[in-house]
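K.L.:
Starting from the known structure of chain R, fit chain B onto it as the hints suggest.
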Amino acid sequence: MIAVAALVILLPSVAAAAGLLGSRFPRGLRGGAADVAANRRAAWIAVVPTGISTVLAAWLAYAGWSGRGGGPGEPFPFPAGPSGPSGIGGVTGTLDVIDTGSVPISVGLLVDGLSASIAVLVTVVALAVQIYSIGYLGDDRRYPSYSAFISLFTGAMLLVVYAADLLVLYVGWEIMGLCSYLLIGHWWEDRANSRAAVKAFLVTRLGDVGFLFGIFVLGTAAGSFRVADVIAKVPEMSTGTIVAATMLLLAGVAGKSAQVPLHVWLPDAMAGPTPISALIHAATMVAAGIFIVARLYPVFLGAGPTLDVLAVLAALGMLGAALAALAQDDLKRVLAYSTISQLAYMAGALAAGSESAAIFHLITHGAFKALLFLCAGAVIHAVGSNLMSTMGGLRRELPITFAAMTIGFAALMGLPPASGFFSKDEVLVAMERALSAGPLTDAAALLLYGCALATIAVTGAYATRAWLRTFFGERPVNALPEPEPGTAHVVDIHEAPATMRWPIVILAVPALLLGLVGIAEVHWGTAALSVVVALLGAGAVYAAWHSDPLGDPARMLGPFRAPCEQAFYVDSVYTTLFVRPVLGLARLVARTDDRVVDGAVRGSGRATVGLASLVRLAQNGNAQLYVTGLLAGVLLIAVGAVIFG
Amino acid sequence: MNWVLIALLGVPLAGAAALLAPFRRDTAAGGRLLQTHALAVSGVTFALSVVLAAGFDYGDAARVQFSTDLAWVPGLDLRFHLGVDGISLPLVVLTTLLVFLCSVYLCWGRADGPGQLLRPKTGGNRPRALVFTLLVLEVGMIGTFLALDLLLFFVFFEVVLIPMYFVIAVWGGHARRAAAIKFILYTLLGSVVLLLGLLLIWAQTGTLDMIALARAHGTGMSSSAQVLAFIAVGIGLAVKTPMWPLHTWLPAAHTEAPTVGSVLLAGVLLKMGTYGFARIAIPVLPDGAAAMAPWLGAFAVIGIIYGSLACLAQRDLKRMIAYSSIGHMGFVLLGFATLTPVGVNGALFGNIAHGLITALLFFIAGAIKDRYGTTDMPSLGGGMLSRLPHLGSLLTFAAVASLGMPGLAGFWGEMLALLGAYGPAAGLSRPLYLTFMALGGLGTVLTAAYFLLMLSRVTHGRSVETVHAPVLAAVGGGGGGRRPGTVLRVGIARVRDVTGYELAAWVPLIALILLLGLWPKTLLLVTGPVVRTLLGAP
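Residue numbers (UniProt numbering), protein chains in the order written: chain R, 1 to 645; chain B, 1 to 538.
Honestly, the hints are just simulated from the structure, not real lab data.
The C-beta atom is built at its ideal place from N, Cα and C for all residues, glycine as well.
Hints may contain errors.
[Said to hold, decoys possible] Only some residues are given here: those of chain B computed to face chain R with a beta carbon under 10 Å:
#1 H37
#2 P251
#3 Q314
#4 G346
#5 F411
#6 G420
#7 G423
#8 G427
#9 L428
#10 S456
#11 R496
#12 L515
#13 L518
With the rest of the complex left out, here is chain R:
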């Protein structure tokens, strides 16, 4: 079983190396026919291993669910049920233990209900994105490296999912960040994309430093970096240790899952190709933060203050990001802010004490948000622009995309029977329960619940706005702006090629139906409330749009529109508070190094030369002076000998 998990991880990783090195092998030609051949070969290298990984991951999940894994472990619950704080089941395999001099690192994998189900999500979305990319970027000169980086990302994410040791997990965690950087910067000819990539890497890296220190705290306290050992040792740890560790881990979670206050990189990350936004910046990598909290959930349950902080950050993040989404004109940025908002839902569910609700929403969100992004990619591919002000009436030209995106938006708003309805209901129920009982303080629970309800209304509003402005009304006739590099392929509008259409159709199925596994647990009262609230938001936008189909319904925000569009000026604040001072400090250090530190060195050199020239005055070549000196010396010695002798 562990061997299969290892294979699931290794296949995409090896495919990455093969794709990078082997696509143009052995002749390494460029241009024209050589590019076409290289791209075709790279596509095979990328798709086939991911496909096999998908099958194997699904088999692992099935085997675990039915208890036929053949391993020594017990059959584990699936989907990730409420597994109490007792510890984790599943099958663990350790390849080797690396002695570091203090806490050893054990290179091993862990397959349980949580990892098996997330792995299925990752591989399925990755496969869909790899196939979609053939149509989207198949004629790009850099397609081989692009697909290889996706493969590397898939392997790294699977390593995070299956890792049994926190430091092994950290390795995958950082490699994911690197792939994100490389892929956001795919069109690096444009400096803006390059800047977005650097920003994404640095912001997440800042969080990751905290994450690493959190691992140190946990590992040192438990005497082991193994997830199972850490969780087993939680009862013996002091509250201070647990709170410190979880707060530090939270920094990494906030960075990776784009939560307040480290969320600023995600909207800019939309500079990457749309399939990347679907895979990394919507469905999988950004969910890794939620995953790690669920993975270490018993630790977090022991840290009340951390959960309070998480609840407040989630509450602020979900409402703020939803409002920002309402005012964006760029379709992908709408979806990016929506991702921040939905991830905050998951974080809120975790804070409210329900890990299963969070993971349920993670999986359904992964499906429907990937679907939304792939559809948005098809729309952008067709229109040649990201801006909704250049879209409209597309339901006639793009019927399949329209249907799929409708499903996606319904799931995002939480309308039945789409998957989002069921998972959002569970999240909301968990927050409701936290009001009366649970790990949260009352104020935090109330804030969380209130913000969640408000966010549902705003979600309904921005989803409706995007849906209406893209697919209904008429296309404005104003001239198209300069297309983004690489996005504009055609100007006449028609459906995307088959390699792009099929992943959309296939992803639409889970986005619509995945929620039905949770149908038995629906709380109809809460569900009705949330649907009504969502429809209220949607209705308000519809009314505004109906009165002026060419205008932007965001105008109903009034004076708040500008702050929402700028995402409450967080970026400018960070630039003023952190970026400029650091750059200024850097220039200061460089100057100091030259003038003061090195100045002292040069100064001492000059001082030596100066001293030497003083001494040289005595050596002026005048024989009389030398003889005088000699006599004076003899005299002195003689007098000394007389007096002291």
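P.N.:
Structure of chain B alone, referenced to chain R:
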């Protein structure tokens, strides 16, 4: 098998001596012969170190193996005492590997490629002298890592300076004279202090045998004498490492040195300083180390932050890599300052990783300089990934490795050093070290920042023809013999991407960076036991 150590010193020495034999003036045939000679001698030396590594008993890495102990100056009780253990073995292999790769870079394949200092017909290049200097340098470097007698160590430590001085002063860039003089005066001054410290140890204990001294763990020396000796030895080594604020010789030396000089300077010479900490300062003077460790840690952390900030403001690529060395060596020193097995393991790991990664970075920076004629980043003008895709990709790889990406070698050293700072040795102030750890963590973010900004500036964007002829002409004389006219005829648009001899020199480094990154046990297995012994830990 004790002959291997003697041979490791003897082969390059004999190779250098053979070059003193009378020869005909540089001809094409003579050039080929010289290239073959350099490749053969450094290759045999590298093969010997591989034999050494193969014959090493890894089950007992803490024991000094293959030792040779001969009387050298009987009157002073100086001994010619050589041996390897888990600390020195990786460094010896690294040294011979880097010298061999430098020879490959200079001698492999077509001799008229860019960066070929050994081209026989350029008049001022003095190819024989360069090979001779590199081989003498290799003797000194290997000897430093093999010596087990304090004064023998010092002698080899000094032997290295002279050839490196000539490498910078003869084959360097424009401001080479000043840089070379600063390098030799600064490091000689440090060596004087080091010598005083070593003599103090000798005066107190009456022995120069490093093994006996390490086994004694400071017995026979009063605490205050240990502190004094640690300060003296520490300053001497810190100049070499270099530790902030004794680092200013480094950027100048690196910027002016030719590619092979930079590679060996960063890859091996800096390691001699940190090796001294692991071999002499910490095990021989445990009380002094315990007293001074917080200071060492503080200087290390300042170096990390300061070096990273200085990198952010650099315009010159080679200068930036030089400053990045200060930051990385800061992590190594922080690892030592924790005085824990995990911290020292991290320091030794970071040492080797920095040697591999920075050597690769300097190789690539040299290749960029050969092609663009400058390493000034604004003049490079971006778009390297479209103009020279392979070179740009390799620069990206090396930068990513250097910023400490897990899965590549740079990560484990930094991570273990920080882990050591999280739980420093008993008797050291925990809150202070937690501050060090937090600042070190911030340093990793800054490190990522300057490398990514560099990549963004140099490799991203559109390539514009900003490299104009005057720049090329002005810097073209780097090799000493290249006339401006010849450079002008090399249009930047026709520049070759990575060539065969470059790839031959770089691929081993890339492979090792990946190996150590993916499987850190290969190195920790060797250093782990000996670190425990040296620290007196159970």
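K.L.:
Confirm or reject each hint.
P.N.:
Hint by hint, here is what the structure shows:
1. Annotation: H37(B) was flagged as interfacial toward chain R, and the flag is violated, the nearest CB pair being 33 Å apart, outside 10 Å.
2. The criterion of a C-beta within 10 Å of any C-beta in chain R is met by P251(B), whose closest approach is roughly 8 Å, and the hint holds.
3. Annotation: interface hint on Q314(B) holds; nearest CB of chain R at approximately 7 Å, less than 10 Å.
4. Checking G346(B) against chain R by beta carbon gives a least distance of about 8 Å; that is within 10 Å, so the hint holds.
5. The beta carbon of F411(B) is positioned within 10 Å of a beta carbon in chain R (closest approach about 8 Å), and the interface hint is therefore held.
6. A distance limit of 10 Å between C-beta atoms decides the matter here; for G420(B) the minimum to chain R is near 7 Å, and the interface restraint holds.
7. The closest approach between the C-beta of G423(B) and any C-beta of chain R is roughly 6 Å, which is under the 10 Å cut-off, so the hint is satisfied.
8. Interface hint status for G427(B): violated, as the beta-carbon distance to the closest one in chain R is roughly 17 Å, over 10 Å.
9. Checking L428(B) against chain R: minimum C-beta separation of about 15 Å lies over 10 Å; hint violated.
10. Here the hint on S456(B) is kept, as its CB sits about 5 Å from the closest CB of chain R, short of 10 Å.
11. Proximity of R496(B) to chain R is violated relative to the hint, the smallest CB-CB distance being about 13 Å (cut-off 10 Å).
12. Proximity of L515(B) to chain R is violated relative to the hint, the smallest CB-CB distance being about 14 Å (cut-off 10 Å).
13. For the restraint placing L518(B) at the interface with chain R, the shortest Cβ-Cβ distance is roughly 9 Å, inside the 10 Å limit, so the hint holds.
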